[in-house]
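Peer 1: The residues making up each chain are set out below.
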Amino acid sequence: MNTLVIGYGNSLRGDDGAGPFVARQLGAGAIACHQLTPELAETISQAPQVVFVDAHAGVHAGQIAVLSVEPRASAATHRFDPGTLLAWSQLLYGRAPAAILIGIGGKSFALGEGLSPAAKRGAREALRAIRKMTGQ
Amino acid sequence: MKTIRIDPVTRIEGHARITIQLNDEGRVTDAQLHVTQVRGFEKFTEGRPFYEMPSITARICGICPVSHLLASVKACDAIMAVQIPETAALLRELLHCGQFVQSHALSFFHLSAPDLLLGMDSDPARRNVLGLIEQHPERARNGIALRKFGQQAIEWLAGERIHPSWTVPGGVNAPLSPEARDRILAELPAAKAIVRRTLAFFKGVVDQFAEEIANFGNIPTLYAGLVDATGGLQLYDGKLRFRDAEGNLVADQIRAPQYAQYIAETTLPTSYLKAPYYKPLGVSDGVYRVGPLARLNVADRCGTPEADAEFAEFHQRYGRAAGSAFHYHYARLIEALYALERMEALLADQAILDKHVRAHAGVNALEGVGIAEAPRGVLIHHYKVDENGAIRWANLIVATGHNNLAMNRSVRQVSEHFIDGNHLREGMLNRVSAVVRAYDPCLSCSTHAAGMPDIHVRLLGADGTLLDELRQ
Numbered sequence: 056m057n058t059l060v061i062g063y064g065n066s067l068r069g070d071d072g073a074g075p076f077v078a079r080q081l082g083a084g085a086i087a088c089h090q091l092t093p094e095l096a097e098t099i100s101q102a103p104q105v106v107f108v109d110a111h112a113g114v115h116a117g118q119i120a121v122l123s124v125e126p127r128a129s130a131a132t133h134r135f136d137p138g139t140l141l142a143w144s145q146l147l148y149g150r151a152p153a154a155i156l157i158g159i160g161g162k163s164f165a166l167g168e169g170l171s172p173a174a175k176r177g178a179r180e181a182l183r184a185i186r187k188m189t190g191q
Numbered sequence: 002m003k004t005i006r007i008d009p010v011t012r013i014e015g016h017a018r019i020t021i022q023l024n025d026e027g028r029v030t031d032a033q034l035h036v037t038q039v040r041g042f043e044k045f046t047e048g049r050p051f052y053e054m055p056s057i058t059a060r061i062c063g064i065c066p067v068s069h070l071l072a073s074v075k076a077c078d079a080i081m082a083v084q085i086p087e088t089a090a091l092l093r094e095l096l097h098c099g100q101f102v103q104s105h106a107l108s109f110f111h112l113s114a115p116d117l118l119l120g121m122d123s124d125p126a127r128r129n130v131l132g133l134i135e136q137h138p139e140r141a142r143n144g145i146a147l148r149k150f151g152q153q154a155i156e157w158l159a160g161e162r163i164h165p166s167w168t169v170p171g172g173v174n175a176p177l178s179p180e181a182r183d184r185i186l187a188e189l190p191a192a193k194a195i196v197r198r199t200l201a202f203f204k205g206v207v208d209q210f211a212e213e214i215a216n217f218g219n220i221p222t223l224y225a226g227l228v229d230a231t232g233g234l235q236l237y238d239g240k241l242r243f244r245d246a247e248g249n250l251v252a253d254q255i256r257a258p259q260y261a262q263y264i265a266e267t268t269l270p271t272s273y274l275k276a277p278y279y280k281p282l283g284v285s286d287g288v289y290r291v292g293p294l295a296r297l298n299v300a301d302r303c304g305t306p307e308a309d310a311e312f313a314e315f316h317q318r319y320g321r322a323a324g325s326a327f328h329y330h331y332a333r334l335i336e337a338l339y340a341l342e343r344m345e346a347l348l349a350d351q352a353i354l355d356k357h358v359r360a361h362a363g364v365n366a367l368e369g370v371g372i373a374e375a376p377r378g379v380l381i382h383h384y385k386v387d388e389n390g391a392i393r394w395a396n397l398i399v400a401t402g403h404n405n406l407a408m409n410r411s412v413r414q415v416s417e418h419f420i421d422g423n424h425l426r427e428g429m430l431n432r433v434s435a436v437v438r439a440y441d442p443c444l445s446c447s448t449h450a451a452g453m454p455d456i457h458v459r460l461l462g463a464d465g466t467l468l469d470e471l472r473q
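So the sequences go chain by chain: A and B.
The first sequence lines up with residues 56 to 191 when you count with my numbering.
The second sequence lines up with residues 2 to 473 when you count with my numbering.
No lab work stands behind these hints, which were simulated from the structure alone.
Hints may be right or wrong, so weigh each one.
What the hints assert, rightly or not - Which residues of chain B face chain A? A few of them, derived with a C-beta cut under 7 angstroms, are:
1) L131
2) I134
3) R142
4) R148
5) I163
6) S166
7) R184
8) L186
What the hints assert, rightly or not - Label pairs and their calculated CB-CB ranges:
9) B/P258 / A/V121: 53 to 59 angstroms
10) A/S123 / B/E161: 28 to 34 angstroms
11) A/Q90 / B/G48: 28 to 34 angstroms
12) A/Q90 / B/Q317: 53 to 59 angstroms
13) A/V121 / B/E53: 35 to 41 angstroms
14) B/K204 / A/G169: 39 to 45 angstroms
15) B/A126 / A/E125: 18 to 24 angstroms
16) A/Q90 / B/E53: 22 to 28 angstroms
17) A/K187 / B/N396: 38 to 44 angstroms
18) A/R183 / B/D183: 48 to 54 angstroms
19) B/L250 / A/G167: 49 to 55 angstroms
20) A/R68 / B/V284: 28 to 34 angstroms
21) B/A211 / A/V121: 54 to 60 angstroms
All of these numbers come straight from a predicted model, not from anything done at the bench.
Note that the Cβ used here is the ideal one computed from N, Cα and C, for glycine as well.
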């Protein structure tokens, strides 16, 4: 696949696990992770384009929002976001690929495993959008 | 009386505050490091089945979860009274080495390199990882690549980079595949080359920090760490050894269940972080340090060729017991080299692919102690269970806790030497934070993150009047 998918979030906080859930459904080539970390900058610098997938408290539960991502340099290493990763990719490896963020609306972010029915609907919607985008 | 507060300290793992007291002449009279929040793992794990403890306690930290996993499973092994299969021990150590590499890379390149490469007095707006990327992109790339290798090795071994569930009471839950072994072996040479380059670079510039070396926690303390039966460095297993500031052995070959005969804990009124001390000498004289510097100070050798050569040079430069906390950086790089060499040796061992990797048993003892070396130092998990295996009592002594008293003394020494209360400069305060960074405290092991990192320093007059203020 020419598109690198990175789904991130805490699978022990209910719908926050929507991102890694989507990445795992896509299988090999997609990255499911707990959080974004600096070393991903090298990986994304080699990808033609990147789709980040994350649960999004600002999106209606069960729906998705496709958001643009632009490089945004930040010195804060406690909390990485897609824009910071793109900036690190550009600064360190000379290239920041085109990227979007698919935000999945969640309903419950309480302690516990598994997605709510609404977040599952959102995750399926995100999968459809990614597969359409990548021609799968 | 005036007070300077550095709140919170930046570029450390977790959050802390430093308070510096000045007299009316602007001279430092006292300084303290405060850890301001409490996690409570020792209390809320009571009642949980002992075999859940590795998974629960790994959540203490996102940086060194493997250390908590290993100390915890070792305590559980003791409760089960099992000897784990040889291959399981090899695999646990291999996983641990991966964690040492990624954690030491994080500390050196991401957290402390801005001070070391850009300068303690450089523009604070640029003295961060972005400034490092701009001015030293190759070193920044090296740091990312080295940390990536360690994290990748953990994932190839254990399935996940953070909080893997592979290590279990009795061993590990799956053998190593030849494919995973070969993937790690293929990446090892590049990682070793990075550490060799970085060590060569650091040894070339370390003498430029003579004033910091002389005043960064350059204090007489004891040192504690794990060693094997012949005094060689141990990260996963081994027995506890204490050495004093003159290099004399104080206690040696202390088995895990004996730790409480040598280590006692007290509390400080100004911090939620417990303060362990060497029990036979009491709180005042029993201050000891753990972590990379302490491990190299207590061990007689590393046990791998390249690390042993570096070990010899290190002690030739700084003596049998190198006393300055600034040398934590140097020691960290030597240990990264050791961990990589050790990974190579473990992967070359034919037993590493053996399929027998787990022993099964129920509760055969009502108490268990597990000790491992976390990247930041000795980590102790001590559990007591009932007949059904439910936790009745738990005591966790984390590396940062062992260093608590020494960090406080170090903060005071740096403050006394560098701080002039009448002419406050940011570089002075940065050095106070930098000595804490040298210890690489993992406050996540004892605190919850709160808010975004920020430094706000206020200089107050004796009557509480705001005299000066700096915000970073």
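Peer 1: Take the hints in turn and mark each one as holding or not.
Peer 2: Quick rundown of the hints versus the structure:
1. At its closest, the beta carbon of B/L131 sits 4 angstroms from a beta carbon of chain A; the interface hint therefore holds under the 7 angstroms criterion.
2. Interface restraint check for B/I134: the shortest CB-CB distance to chain A comes to about 5 angstroms, inside 7 angstroms, so the restraint holds.
3. About 6 angstroms separates the beta-carbon of B/R142 from the nearest beta-carbon of chain A, less than 7 angstroms, and the hint is met.
4. Hint status for B/R148: holds, given a least beta-carbon distance of 6 angstroms to chain A, under 7 angstroms.
5. Because the closest C-beta pair between B/I163 and chain A is about 5 angstroms apart, less than 7 angstroms, the hint holds.
6. Among the interface hints, the one on B/S166 is violated; its C-beta lies about 12 angstroms from the nearest C-beta in chain A, farther than the 7 angstroms criterion.
7. Because the beta carbon of B/R184 sits about 15 angstroms from the nearest beta carbon in chain A, more than 7 angstroms, this interface hint is broken.
8. The closest approach between the C-beta of B/L186 and any C-beta of chain A is roughly 20 angstroms, which is over the 7 angstroms cut-off, so the hint fails.
9. For B/P258 and A/V121, the Cβ-Cβ distance of about 58 angstroms falls inside the hinted range of 53 to 59 angstroms, so the restraint holds.
10. Distance hint for A/S123 and B/E161: a CB-CB separation of about 30 angstroms, consistent with the stated range 28 to 34 angstroms.
11. Remark: the range hint 28 to 34 angstroms for A/Q90 to B/G48 is upheld by a beta-carbon distance near 30 angstroms.
12. For A/Q90 and B/Q317, the hinted distance range of 53 to 59 angstroms is not satisfied, since their beta carbons lie about 42 angstroms from each other.
13. The given range of 35 to 41 angstroms is respected by A/V121 and B/E53, whose C-beta atoms sit roughly 40 angstroms from each other.
14. In this structure the supplied range 39 to 45 angstroms is violated for B/K204 paired with A/G169, their Cβ-Cβ distance being about 52 angstroms.
15. Checking the proposed 18 to 24 angstroms range against B/A126 and A/E125 shows it holds: the Cβ atoms sit about 22 angstroms from each other.
16. Checked against the given bound of 22 to 28 angstroms, the beta carbons of A/Q90 and B/E53, roughly 23 angstroms apart, stay inside it.
17. Restraint check, A/K187 to B/N396: a C-beta distance of roughly 55 angstroms breaks the suggested window 38 to 44 angstroms.
18. In this structure, A/R183 and B/D183 break the distance hint of 48 to 54 angstroms, their C-beta atoms being roughly 38 angstroms apart.
19. Here the CB-CB span from B/L250 to A/G167 is close to 51 angstroms, well matched to the stated 49 to 55 angstroms.
20. For A/R68 and B/V284, the Cβ-Cβ distance of about 41 angstroms falls outside the hinted range of 28 to 34 angstroms, so the restraint is violated.
21. Taking 54 to 60 angstroms as the suggested C-beta distance range, the pair B/A211 and A/V121 conforms, at roughly 56 angstroms.
In summary, the numbered hints that this structure violates are 6, 7, 8, 12, 14, 17, 18, 20.
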